[in-house]
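2 protein chains.
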Amino acid sequence: MRDFLPADIRKRNYVINIIKEVYESYGFEPLETPAVENLETLMGKYGDEGNQLVFKILKRGEKLDLEHAKSESDLSDLALRYDLTVPLARVVANNKNELPNFFKRYQIQPVWRADRPARGRFREFYQCDVDAIGSSSMVVEAELISAVGTILRRLKFKDYIIKLNHRDLLFHLLDLANVPKASHEDALIAIDKLDKIPAYQVEAEMVGKGVNAGSASVLIDLYTKIDNAWKLGYDNNPILVSEVLSDDNEAKNYLLQLLNLLPCEKLTISPFLARGLAYYSGTIMEIVLTDGDFKGSIGGGGRYDGLIGMFGKEQIPACGFSLGLERILVVMEERGMFPPEIAESVPADVMVTIWSEETVGESLNLAAELRKGGLRVTVYPEADKLGRQIKYADSIKVPFVCVLGESELAEKKVTLKNMKTGEQETISRSEVIEALRK
Amino acid sequence: MRDFLPADIRKRNYVINIIKEVYESYGFEPLETPAVENLETLMGKYGDEGNQLVFKILKRGEKLDLEHAKSESDLSDLALRYDLTVPLARVVANNKNELPNFFKRYQIQPVWRADRPARGRFREFYQCDVDAIGSSSMVVEAELISAVGTILRRLKFKDYIIKLNHRDLLFHLLDLANVPKASHEDALIAIDKLDKIPAYQVEAEMVGKGVNAGSASVLIDLYTKIDNAWKLGYDNNPILVSEVLSDDNEAKNYLLQLLNLLPCEKLTISPFLARGLAYYSGTIMEIVLTDGDFKGSIGGGGRYDGLIGMFGKEQIPACGFSLGLERILVVMEERGMFPPEIAESVPADVMVTIWSEETVGESLNLAAELRKGGLRVTVYPEADKLGRQIKYADSIKVPFVCVLGESELAEKKVTLKNMKTGEQETISRSEVIEALRK
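Chains as they are written, first to last, in our numbering: chain A, -4 to 433; chain B, -4 to 433.
One chain only, chain A, in its complex shape (with noise of 0.2 Å):
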């Protein structure tokens, strides 16, 4: 688990208040739950490696029967938020009466897993999460898709895109295939892999996992058949073609549909795309980064319209995305997409000298009346020599250095030095402002 200084957390907070500020333009409401939630909420809700990665917090007191504990669940009845969907589930099926019944939230919390941290996976990390309850209409999804786009944009991302799927779709296509059920997940898991490694390897990863070899040409034909017809370009949509789908298929047309409510070069139907099946129960949602190092997903989403119903006695429909702050920020640092105000942001506009223990009052009222005219200020903590003052200046990159010296309290002036410059002159206080504010 990492400590922010500074430095990461103006860059980490340029981000999170650009998601913010989208978010609620698309009429988002923040929402926040405590970090430990009941033990029993988590468990079984992320399947059995979940349930080992979840961080469970020790009894406390009394309840501690350190003698007679068999297992786990002995010692623990608390843990740590796991990911933001269950506690958005608990928190519906708990506030029926108080939330709207269409209820649009967006939650940016950390999370906590017992991962073995490696590069770019750490322990806690945050979720940028954004959810619609309670409507199965295709606007949701519209709405959701076009927020994140402009998040990107805003963000300055240019190549990246969004790809579509239904889990019908994905599903249909395995059915043709005649994949049976076992050999769904190392199936997909392997035609995942298509546009990385050559073909013969990827049939012979699902032959060697048990996948029937007719299902597995079958598949990679499917595969190829859309991949080359997605590669005569937009307009030749994929899943037109009819050696493929029949046109009254419905997952297809649901697609289609929304694709023509959102009219952006972004976006691709990507019939393979495959996450969250243990939950998605129609629309699956990708963004995927094209270009440069980093070319893998920094978030996703889908529709859910079955998972509120576990904590409550109702079943509601809900669909929502998640953004990969962590995998964004590595990316925009890599990039340098951070602008400048961001990226060498410095804790002062400027900082006041002091030149005596007798004139640390009058430094403090120049502080004073300097943020008043709107300016960041920090004053040297203490009486010192001139050129350490000037050197703690300088170490901690604050642009300007206001010096309070004896000649210039006796003209009611400062001498105000630019410190990549080193050029200085003697001003009035009003002037320092005037000089410094932007």
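Keep in mind that a hint or two might mislead.
[To be verified] Below 30 Å or equal to it, Euclidean Cα-Cα: the simulated DSSO-like pairs (lysine-lysine) are: (1) Lys204(B) <-> Lys40(B); (2) Lys91(A) <-> Lys386(B); (3) Lys91(A) <-> Lys40(A); (4) Lys290(B) <-> Lys188(B); (5) Lys367(A) <-> Lys15(B); (6) Lys40(B) <-> Lys15(B); (7) Lys367(B) <-> Lys153(A); (8) Lys407(A) <-> Lys261(B); (9) Lys392(A) <-> Lys15(B); (10) Lys386(A) <-> Lys367(A); (11) Lys367(A) <-> Lys261(B); (12) Lys367(B) <-> Lys15(A); (13) Lys386(B) <-> Lys415(B); (14) Lys153(B) <-> Lys188(B).
No wet-lab data here; the hints were simulated from the structure.
Chain B: place on chain A using the hints.
Okay, now just chain B, sitting in the frame of chain A:
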């Protein structure tokens, strides 16, 4: 632990943003640390009671050896953050070369304590800490107090005082009364009640706890003298009372000098103010509300020159202040101190209706156009009876609805309905933006 629904978060963010803005205007920089710390970092820092109240995290996988576990420490190696001071000390000790030698940081994050929940006391709550590390100069105290005062002014608090004391002054008074070290705590707890219950009861409590009757009587006498001098007004500074303190008392002179740097009628020297005595080494500070139902402390701080040395090899002077966010919020709520745009905030400026399945795209386009004009826009999620759409808009309290029906579409106009007055007019899209943008 609590969920924060949208209306809560807007109020919390209003307060947090003012705190951030003010601290940044004083040159304090943001810092964030992980929720989870190594257990050994936290143990022994908060006394026996604190050790009990730390939430401990169960070891995972192979590390959890239930069979041979004999104590909590065999079961846990990580714990949840208990305050923001110990993590700061760890960060400063770990990042000596990256941080400036005089480091000013603020940190606003939740902490967790396994306390019994009570009114206004939560197991997860936010702390707002501001600290300056690396200088023992009084300038640090002066800037901290000035910043905190600015925050309270901006939040519109009027009836409060900031109490100042010095550890040496407090102990000097205890010495004057010949209170032995073992009774310091009992004596101070009793003295603290003098503004609530009669003196004879306080005296009885002290004697009951084992304080020598003579000492108890002298202490109450000292308190009364100081209190009476106080009531004569600001100029008759109580610690000037020569019967109590000699002119060369260093702690007294220190506080007078500090007061001199901060000419403000909200400041008062409070020689019996006792808090954080386990680590405060000099100045002690506390903000107390003096009017309304709630009269307690909403924040406090002090100088702790010995704490950081516990984590590194070096003793580094430090001084800080912590604001009680939860208490501030409770008081502001009770007193109606939130500005109307926060207290009555709504999820969007306007809701766009959907006429029919065929016109969904038109509604989405209108929403996009209004957003480009700077408005926050939500779209009703489906084609539905107009009455139901209006009813939903009313339930989420959006102030305006844009109706986009057949006739409006034909005329390339929209009907803008004011939800408060019920008035509506059919106007162009740019007129909508103009009408709603403030």
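Hint check:
Distance restraint check for Lys204(B) and Lys40(B): the Cα-Cα separation of roughly 27 Å lies within the 30 Å cut-off, and the hinted pair is therefore satisfied. A distance of roughly 17 Å separates the Cα atoms of Lys91(A) and Lys386(B); the hinted pair therefore holds under the 30 Å criterion. As the CA atoms of Lys91(A) and Lys40(A) are separated by approximately 21 Å, the hinted pair is consistent with the 30 Å bound. Between Lys290(B) and Lys188(B) the CA atoms are separated by roughly 13 Å; this keeps the pair inside 30 Å, and the hint holds.
The hinted pair formed by Lys367(A) and Lys15(B) meets the criterion: a straight-line CA distance of about 16 Å does not exceed 30 Å. Simply put, Lys40(B) and Lys15(B) have alpha-carbon atoms about 27 Å apart, close enough for the 30 Å limit, and the pair holds. Straight-line distance between C-alpha atoms of Lys367(B) and Lys153(A) comes to about 20 Å, which keeps the hinted pair within the 30 Å bound. The straight-line distance between the Cα atoms of Lys407(A) and Lys261(B) is roughly 29 Å, inside the 30 Å bound, and the hint therefore holds.
Distance restraint check for Lys392(A) and Lys15(B): the Cα-Cα separation of roughly 20 Å lies within the 30 Å cut-off, and the hinted pair is therefore satisfied. With a C-alpha separation of about 26 Å, the suggested pairing of Lys386(A) with Lys367(A) holds against the 30 Å cut-off. A distance of roughly 20 Å separates the Cα atoms of Lys367(A) and Lys261(B); the hinted pair therefore holds under the 30 Å criterion. Using a Cα cut-off of 30 Å, the hinted pair Lys367(B) and Lys15(A) holds, with the two alpha carbons roughly 16 Å apart.
With a CA separation close to 13 Å, the supplied pair Lys386(B) and Lys415(B) stays within the 30 Å bound. Between Lys153(B) and Lys188(B) the alpha-carbon distance is near 24 Å, which keeps this suggested pair within the 30 Å criterion.
Consistency with the previously given hints is maintained throughout, with no hint failing.
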